[in-house]
Amino acid sequence: MLGLEKKDFRLLLIVVALTMLAPFILNPFPEGSDMAQFNAGYPDLMQRFVIFGILAIGFNILFGLTGYLSFGHAAFLGVGSYAAVWMFKLLSMNVIPAILLSVVIAGVFALIIGYVSLRRSGIYFSILTLAFAQMSYALAYSVLTPLTGGETGLQPKPGDPRILDRALEPGETATPGLFGLFDMRDSLELTVGNWVFTFNAGYYFAAVIMIIAFYMSIRIFRSPFGMMLRAIKSNQTRMSYTGLNARPYTLAAFVISGMYAGLAGGLLVSMDPQAGAERMFWTASGEIVLMTILGGAGTLIGPVLGAGFIKYFENIVSKINKTTLEGWFYWLPDGLEDLVITVIYPFVGKGWHLTLGLLFMLVVIFLPGGLVQGGQKIAAAFTRKKPDDAKSSATEPAE
Amino acid sequence: MDQIILQILNGLDKGSAYALIALGLTLIFGTLGVVNFAHGALFMMGAFVAVTVSKLLALSHKVVDETRTDFLGKPLQVDVPYVYDWFGQGAGDTIIDWAVPISILFAIPIMVAIGFIMERGLIKHFYKRPHADQILVTFGLAIVLQEIIKYFYGANPIPTPAPSAFTGSFDFGVAFGFDPNAIIYPYWRLVYFFFSIIVIGAVFAFLQFTTFGMVVRAGMADRETVGMLGINIDKRFTVMFGIAAAVAGLAGVMYVPINPPNYHMGMDFLVLSFVVVVVGGMGSLPGAVAAGFLLGILESFASMSAVINILPGINQIIIYLVAIIILLTRPRGLMGRKGVMEE
Numbered sequence: 001m002l003g004l005e006k007k008d009f010r011l012l013l014i015v016v017a018l019t020m021l022a023p024f025i026l027n028p029f030p031e032g033s034d035m036a037q038f039n040a041g042y043p044d045l046m047q048r049f050v051i052f053g054i055l056a057i058g059f060n061i062l063f064g065l066t067g068y069l070s071f072g073h074a075a076f077l078g079v080g081s082y083a084a085v086w087m088f089k090l091l092s093m094n095v096i097p098a099i100l101l102s103v104v105i106a107g108v109f110a111l112i113i114g115y116v117s118l119r120r121s122g123i124y125f126s127i128l129t130l131a132f133a134q135m136s137y138a139l140a141y142s143v144l145t146p147l148t149g150g151e152t153g154l155q156p157k158p159g160d161p162r163i164l165d166r167a168l169e170p171g172e173t174a175t176p177g178l179f180g181l182f183d184m185r186d187s188l189e190l191t192v193g194n195w196v197f198t199f200n201a202g203y204y205f206a207a208v209i210m211i212i213a214f215y216m217s218i219r220i221f222r223s224p225f226g227m228m229l230r231a232i233k234s235n236q237t238r239m240s241y242t243g244l245n246a247r248p249y250t251l252a253a254f255v256i257s258g259m260y261a262g263l264a265g266g267l268l269v270s271m272d273p274q275a276g277a278e279r280m281f282w283t284a285s286g287e288i289v290l291m292t293i294l295g296g297a298g299t300l301i302g303p304v305l306g307a308g309f310i311k312y313f314e315n316i317v318s319k320i321n322k323t324t325l326e327g328w329f330y331w332l333p334d335g336l337e338d339l340v341i342t343v344i345y346p347f348v349g350k351g352w353h354l355t356l357g358l359l360f361m362l363v364v365i366f367l368p369g370g371l372v373q374g375g376q377k378i379a380a381a382f383t384r385k386k387p388d389d390a391k392s393s394a395t396e397p398a399e
Numbered sequence: 001m002d003q004i005i006l007q008i009l010n011g012l013d014k015g016s017a018y019a020l021i022a023l024g025l026t027l028i029f030g031t032l033g034v035v036n037f038a039h040g041a042l043f044m045m046g047a048f049v050a051v052t053v054s055k056l057l058a059l060s061h062k063v064v065d066e067t068r069t070d071f072l073g074k075p076l077q078v079d080v081p082y083v084y085d086w087f088g089q090g091a092g093d094t095i096i097d098w099a100v101p102i103s104i105l106f107a108i109p110i111m112v113a114i115g116f117i118m119e120r121g122l123i124k125h126f127y128k129r130p131h132a133d134q135i136l137v138t139f140g141l142a143i144v145l146q147e148i149i150k151y152f153y154g155a156n157p158i159p160t161p162a163p164s165a166f167t168g169s170f171d172f173g174v175a176f177g178f179d180p181n182a183i184i185y186p187y188w189r190l191v192y193f194f195f196s197i198i199v200i201g202a203v204f205a206f207l208q209f210t211t212f213g214m215v216v217r218a219g220m221a222d223r224e225t226v227g228m229l230g231i232n233i234d235k236r237f238t239v240m241f242g243i244a245a246a247v248a249g250l251a252g253v254m255y256v257p258i259n260p261p262n263y264h265m266g267m268d269f270l271v272l273s274f275v276v277v278v279v280g281g282m283g284s285l286p287g288a289v290a291a292g293f294l295l296g297i298l299e300s301f302a303s304m305s306a307v308i309n310i311l312p313g314i315n316q317i318i319i320y321l322v323a324i325i326i327l328l329t330r331p332r333g334l335m336g337r338k339g340v341m342e343e
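Top line first, the protein sequences correspond to chains Y and D.
With my numbering applied, the first sequence covers 1 to 399.
With my numbering applied, the second sequence covers 1 to 343.
Simulated from the structure, these hints should not be mistaken for lab results.
It cannot be assumed that every hint is accurate.
Dumping the calculated PhoX-like pairs for lysine-lysine here, alpha-carbon to alpha-carbon at most 25 Å [claimed, not checked]:
1. D:Lys74 / D:Lys62
2. Y:Lys350 / D:Lys150
3. D:Lys124 / Y:Lys319
4. D:Lys128 / D:Lys235
5. Y:Lys377 / D:Lys128
6. Y:Lys322 / D:Lys74
7. Y:Lys6 / Y:Lys89
8. Y:Lys350 / Y:Lys377
9. Y:Lys350 / Y:Lys322
10. D:Lys124 / D:Lys55
11. Y:Lys377 / Y:Lys6
12. D:Lys55 / D:Lys150
Bear in mind that the values here come from a model prediction, so they are computed numbers and not experimental data.
Kindly generate the complete structure, drawing on both the sequences and the hints.
Structure below.
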């Protein structure tokens, strides 16, 4: 189906089903109950799931297939965001031209950075991309302020030309939309008993794009081109001895993955029309790497899982505060309750990054193949398959 | 001319920090072959050792002073630091004043211990893993360390002053025969520069003139052969990791009066230090030191207003720009050895 093998098509169908039914799946707990804080079915978070999913899928095409670890991928996200905001400012609030421009600009950017960085490999490549990203960040913050808004960031303002729409009146705000059919913020609420399900236009728009992006990544993985990329990862020297030049393939992978990041940047801006330089900071790049590793680099579904996992826990864990903890552990004896709360407290709320760092270490140490490998291990344990079978389908992360 | 000297001096203190961190990074890389992204966190931990020591030294208890009264007419309660009780007021004041240099004594064993624990507990298991895994696990460790510090010390920078003997500035203008006040340079930055020279010299002397250092250098050149000669090279490399951690920690301790430390200072320095290591040449100790000072000075030249007027924003990107140019023209860095990290 659609040029996919049966197994891949099934995977695609699962992803389609999950994304389309996400408002139900992510809202398992009734409104107002104690567990309602674990719900993730509100538009803002769901949008982030799919958008960062796109980002991780794109990163995986580079890192998972070729093994080149880029530590500057956030730069493309940032560039895409700026491009999209400029489209809103100059043309109209329609998201299509904005997203197209952000993909193109990020692609051009990736072409330039990739052309230079890919002359080196291994750790040097990581540091070169990191240097480029930090450079873009520093420039966006200082000299390029007329173009990027500097510290305040860039957003549509009254007085922008907006050739296709009219200029905004003072005090009026505009939300991005699709040909005037709907706004990205339009939502439909469905109340069933105590449950409230929100269907957000922006989410479904981003979800459809993510499914397309996912489909394209499957095609890339299964194509001869994808095979070449894998060859680069497993043994570049041998590949060049057979007369193949690796550079064009890696560059193509780099540009594709940069375009994915640009697409994600454009979508982020479509949901919330503002862009800031902090999106390009190198910790943001680190987070992209983390998502991919956590889910499972080199696997199809892994990066999407990783992105969802991290964004979900970022949201949920950072919302927990002392009162919530007291609510959970009220049944313990007093002294023990205090002890448990003191132990857990540093890891929740503002301490989310601590949990994230620990998680990161644990995954890299014990589960280099990410969640997907973990799942396969568990599945293998139940079906009593030899663990080797599970291993052969997951690609080992490499240099 | 005075401008040029001033910029060179300005570059020296930042360059010293870069050089010290890059030296540690290169030591770890050259001995253990590990890319340590947590090295900036070690620098930051060193800085917080200084903060902690100076806070501990200033710990005080309340004593009722009968001779004075507060605004309510009751006897005034005065904070008396414990060091006053132990050493008397004069010596106590000196100790509190010299808290930052004193912390060096505490920082060395603490940082060596942290280095040992890190190497034995975590890094040891990553020798055989790909470099990407090493980068990622140490990156995670850096996040963890930095969040722990943030939890205990808060997110705000903590100002910790230098000893009052060093608070002033030195007027180089007079010394070099220029106008007075043409080249003003804070004493502490000079101290920092000389301190870093001493530390760097000590590390090199240790490697060059002791048997232990000789074995380590042999191990860096050919680990397997040294192992076959019946020398437990792993043990010595662990010690080197401890020393590298201590060097980073000392750089942090002494940097505290220059810039109040906060929990992400390590990350800020780390990215630049990596660039420094790469420019100097992976695995080359003199290269790391030279590149550290060179880039520090270049950075301060790029921040001159005359330069910024011609090329706006150049001060922000000069280091990265230089790194990119060097990597593309001299892929091994300034003094890189053949066969190190080339695949």
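Here is how each hint holds up against the structure:
1. D:Lys74 / D:Lys62: Roughly 14 Å separates the two Cα atoms, so the pair holds.
2. Y:Lys350 / D:Lys150: Status holds; Cα separation ~10 Å.
3. D:Lys124 / Y:Lys319: violated, 36 Å
4. D:Lys128 / D:Lys235: holds, 17 Å
5. Y:Lys377 / D:Lys128: Measuring from Cα to Cα gives roughly 22 Å; hence the hint holds.
6. Y:Lys322 / D:Lys74: Given pair Y:Lys322, D:Lys74 is violated - Cα atoms ~40 Å apart, limit 25 Å.
7. Y:Lys6 / Y:Lys89: Violated, at roughly 45 Å.
8. Y:Lys350 / Y:Lys377: violated, 33 Å
9. Y:Lys350 / Y:Lys322: With a Cα-Cα distance of about 11 Å, the restraint between Y:Lys350 and Y:Lys322 holds, given a limit of 25 Å.
10. D:Lys124 / D:Lys55: Distance of about 34 Å is beyond 25 Å: violated.
11. Y:Lys377 / Y:Lys6: holds, 23 Å
12. D:Lys55 / D:Lys150: holds, 16 Å
When each numbered hint is compared with the structure, violations occur for hints 3, 6, 7, 8 and 10.
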